[in-house]
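Each chain is listed here by its residues.
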Amino acid sequence: MASISEFGRRELRFADKLRGIRWSFLFLVAAISGIGFAMLYSAANGDVDPWASRQMVRFAIAFVPMLAAALVDIRWWYRAAYWIYAIAMLLVLAVDLRGVVGMGAQRWIDLGVLQLQPSEFMKIALVLALARYFHNRSGENAGRILYLIAPAFLVAVPSALVLKQPDLGTAMMLLAGGAILFYLGGVRLWVFAAGAVGAMTAAPLAWSMLRDYQKSRLTTFLNPDLDPLGAGYHILQSKIALGSGGLFGKGFLQGTQSHLSFLPEKQTDFIFTMIAEELGLVGGLSLLALYTLVIGYGFAIALRCRSNFGRLLGLGIAANFFLYVFINTAMVMGLIPVVGVPLPLISYGGTAMVAVMLGFGLLMNVGIHRDVQISRVGDN
Amino acid sequence: MPRDMQRQKLLTRRAALLGAGQGLAIAALAGRLYQLQILDKDRYTVLSEENRINLRPLVPPRGRILDRFGVPLADNEPNYRVVIVPEEAGDLDRTLDAIAKLIEIGDNDRHRVQRDAKRKHSFVPLIVRTNLTWAEMARIEVAAPELPGVSIEQGSIRNYPQGTGASHIVGYVGAVQEKELNGDPLLELPDFRIGRSGIEKSADLKLRGSAGTSQVEVNAYGRVVRELFRAPGQPGQDIVLSLDAALQEFVTKRCAEQQSVACVVLDAWTGDVLALVSSPSFDPMLFSAGLTPAMWQELATDPRNPLSNKAIAGTYPPGSTFKPVTAMAGLESGAITPESTINCPGYIQLGNATFHCWRERGHGGVRLHDAIKHSCDVFFYETARRVGIDRLAEIANRLGFGNPLGIDLPGERGGLIPTRDWKLATTGVSWQQGETLIAGIGQGSVLATPLQIATMAARLVTGRQVVPHLIRAAGQLPPGGDRDSSEFAALRVTPRNLSLVIDGMNAVVNEQGGTAYASRITDPAMAMGGKSGTSQVRRLSATGRAHGAEANLPWKDRDHSLFIAFAPVGAPRYVCATVVEHGGFGSAICAPICRDVLIETQKRDPARKVPQPEAVAETMTIPPIPQAPPLPSRASPG
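Just so you know, the sequences run in chain order B and U.
Going by my numbering, 116 is the number at position 116 of the first sequence; the sequence numbering is gapless.
Going by my numbering, 451 is the number at position 451 of the second sequence; the sequence numbering is gapless.
No wet-lab data here; the hints were simulated from the structure.
The C-beta atom is built at its ideal place from N, Cα and C for all residues, glycine as well.
There's no promise every hint is true.
With beta-carbon atoms standing in for the labels, derived distance ranges [unchecked claim]: (1) U:D93 to B:S208: 21 to 27 Å; (2) B:L93 to U:E104: 55 to 61 Å; (3) U:T45 to B:A156: 19 to 25 Å.
Some chain B residues close to chain U (C-beta under 7 Å, calculated; not the full set) [to be verified]: (4) Y183; (5) L242; (6) F248; (7) L281; (8) S286; (9) L288.
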């Protein structure tokens with residue numbers, strides 16, 4: 001392993017690593033989470049029970065895996081990438097085999113003390129696995145179609161399993177996240193064009209795999225006024241809540257749509273609507289700005305990294321975070337169909353919180369280990 | 001490593017492009033947010049308000065019906081009931097089953113709820129059961145979490161404190177029927193009642209008031225979260241009647257000993273109806289609470305007709321009480337004078353027909369005074385023959401017969417005064433002179449309501465076109481005093497002729513040998529005048545009647561007994577008309593009723609009493625009682 005210190009730097013000491021943690025980044029994350037606690041407090045009509053208090057505990061707990069992920073040597077992550085992917089895959093399979101049905105979908109695995117949603121971890125694991133895969137491939141190789149078969153399976157298999165749960169949102173995120181890593185890994189653009197054509201031809205097949213409620217969500221998305229009391233109800237009520245919020249909102253704790261239960265799932269998937277209803281356009285845009293800062297921060301960290309793996313990992317995490325934000329907010333604004341993707345750091349839910357924080361841990365890890373050289377398997 | 005450098009450059013470029021793409025996507029989100037929250041704000045604000053704000057109409061309290069002194073004849077009582085909102089209940093049948101386990105629900109109630117749920121808006125609360133006891137309320141409240149859309153409401157139920165006594169006047173209310181729904185949401189409210197008879201019906205729109213609204217905030221499930229605004233609406237107006245509730249009660253009790261009676265007491269001077277009794281009566285609370293088909297059947301088939309207000313809707317041959325009309329017609333037309341003597345041998349011959357006097361051996365030669373006093377049929381046969389039917393009818397109409405008087409009650413009938421034209425038009429047969437004779441004693445085709453007979457007496461004693469009425473005022477009690485009778489136009493008859501007829505009616509009661517002498521009022525200050533009448537239900541021979549065969553006849557075939565009276569005889573203020581269906585001889589049955597009623601009326605003297613203000617004045621000053629205008633004496637007491 002001599003080649004690792006080829007850059008002439010000494011091995012990073014623990015203290016160096018601690019210094020490498022971006023505290024300003026953590027402050028940003030804490031600020032967004034703080035908004036989340038406040039909104040969960042509001043969602044419970046001004047009570048920390050049942051959501052805000054538990055969410056705070058989860059946030060505190062999630063700090064531990066995040067810091068651990070940040071401080072472990074990046075080469076460990078590199079070596080473990082496929083194993084982690086495999087474990088995540090097993091968990092997803094376990095859900096398919098004997099998961100807990102909740103909200104009309106089989107997404108959860110019950111571990112007794114806590115319920116786990118493995119598909120959230122799959123998002124991280126896929127980024128890790130693809131980052132490793134593309135780290136090992138030269139630019140020319142990455143362009144060759146034969147080399148894309150393996151990573152295509154890495155993306156397609158979990159996506160299909162998740163879609164079957166059924167969880168359209170997570171499947172979309174896995175596919176989009178995979179595509180982004182393909183793109184960053186240097187895959188030629190004609191491959192994406194071919195993939196798009198392939199997807200179009202496969203669309204009828206995919207349609208047949210969808211459950212009725214997913215189909216109705218898609219048709220409702222295309223024409224929400226078709227069925228204002230049925231499937232279109234959620235999105236219509238969400239738009240009413242957003243629109244009636246106006247510039248400055250109805251005031252904290254004053255959102256009528258959310259507090260009078262017109263807004264569905266106000267503490268989870270539709271929490272952005274509640275924020276924009278109570279805090280208005282000013283609040284909504286401020287939150288989007290904070291998210292943009294986080295994503296930009298992630299890009300900056302990733303691009304300063306000198307190893308391919310680190311860059312791909314960092315960019316993948318940041319892009320994944322972007323996908324959470326975009327899919328969720330675009331959904332509540334009626335820009336895309338209703339799919340179950342939480343608003344990261346804010347929506348009530350433990351697994352997503354831990355998964356997102358774990359992602360940030362990896363991002364910081366990339367920042368801390370930006371000068372660490374990772375050998376290519378082929379070079380050894 | 002140029003290859004690595006190249007790859008890094010590619011990655012950086014693609015990362016930059018990706019970042020730009022994400023930036024664009026977030027800008028698109030911001031744009032969408034701007035569109036929704038700024039450009040479309042107004043539209044969505046309206047939708048949001050429509051979501052949460054529900055307008056609910058409030059039933060205005062129905063106006064009370066008061067007697068002339070402010071005694072309530074109809075008012076509202078609080079009443080607790082279970083209501084169900086079908087929209088919130090979901091499975092209506094299952095919820096009704098759950099309620100039925102807690103309190104008793106009849107099949108009728110259940111069917112009514114199921115029927116109403118289909119024809120009303122699903123957000124309109126439907127009454128499941130009324131008149132809950134405290135225990136029943138508690139059971140429902142405890143189980144409330146398992147009963148979606150079910151709640152306890154306080155409503156009001158129409159209450160009739162006078163019971164059966166004034167039910168024909170006050171009437172009753174009933175639930176709104178499907179065909180009456182006109183889109184007014186007020187009519188869809190379960191508590192709303194429409195007046196179905198009596199004053200409740202004729203003054204319904206004034207009693208109703210106008211609906212208020214309650215603006216409530218509801219959540220997505222339609223449950224009321226809080227009330228935002230309440231406009232109480234306009235309560236219905238109180239209706240003040242001319243009726244004297246205490247007198248009405250007295251008359252009701254006095255009539256109760258007879259099978260079927262109508263009795264009217266008027267203030268002749270003002271036209272105020274002081275009492276108007278039709279006996280037997282019914283309990284208006286039965287209608288207020290909901291009548292069972294069996295009870296309805298019993299009321300509707302009773303031969304004594306309790307549901308009909310006989311005082312205004314019963315028409316009877318007025319019999320001898322019509323003789324003052326014939327007398328007036330004779331005097332006014334000049335066919336007779338006070339001095340004209342007509343011989344009564346006990347019958348009168350007209351062509352081949354013989355018309356009997358009630359007194360088989362006749363009255364001998366009689367003048368007007370004695371003819372009225374003894375109720376000589378032959379005298380009035382002859383008078384009517386001389387006058388002719390059309391002039392007789394003209395005077396009868398002027399005295400209030402032949403057309404409805406326009407009393408403020410539904411269902412008033414006009415009776416009938418026959419004329420030549422009427423006979424020809426309705427039967428195609430020309431008038432026979434014999435019919436004129438029969439009409440002259442108030443029989444044959446002549447029909448009148450007790451109210452018309454009383455009005456005739458009032459017009460005779462005042463010389464004015466008195467029109468009876470029940471409603472004195474809507475809203476507040478009128479301030480003190482009485483209205484001036486001058487608002488009634490003069491009768492256009494010679495006052496001396498009126499005096500002559502009244503003089504005869506005085507003799508009927510107060511002169512020895514008068515047909516109602518036995519029923520005279522001995523207190524000279526209260527003495528009454530009057531006229532008895534007996535009207536045939538079926539044709540009997542004069543001899544049969546004279547032999548007193550009446551008592552042996554079945555009730556339905558006996559004659560009606562009538563009496564009209566006025567008092568005090570020197571300056572008549574009150575008139576009373578009584579009809580006892582199938583009562584037999586008029587002076588024997590009806591005259592004592594009139595006597596007792598007029599004594600009571602004069603003791604109470606309601607026309608001269610001032611309504612008492614409800615709040616007691618803090619100073620003990622007694623307001624001066626306005627004096628009634630002095631009445632000209634038209635009749636000399638015998």
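A quick look at each hint next to the structure:
no.	hint	in the structure
1	U:D93 to B:S208: 21 to 27 Å	violated (40 Å)
2	B:L93 to U:E104: 55 to 61 Å	holds (59 Å)
3	U:T45 to B:A156: 19 to 25 Å	violated (46 Å)
4	Y183	holds (6 Å)
5	L242	holds (5 Å)
6	F248	violated (10 Å)
7	L281	holds (4 Å)
8	S286	violated (11 Å)
9	L288	holds (6 Å)
When each numbered hint is compared with the structure, violations occur for hints 1, 3, 6, 8.
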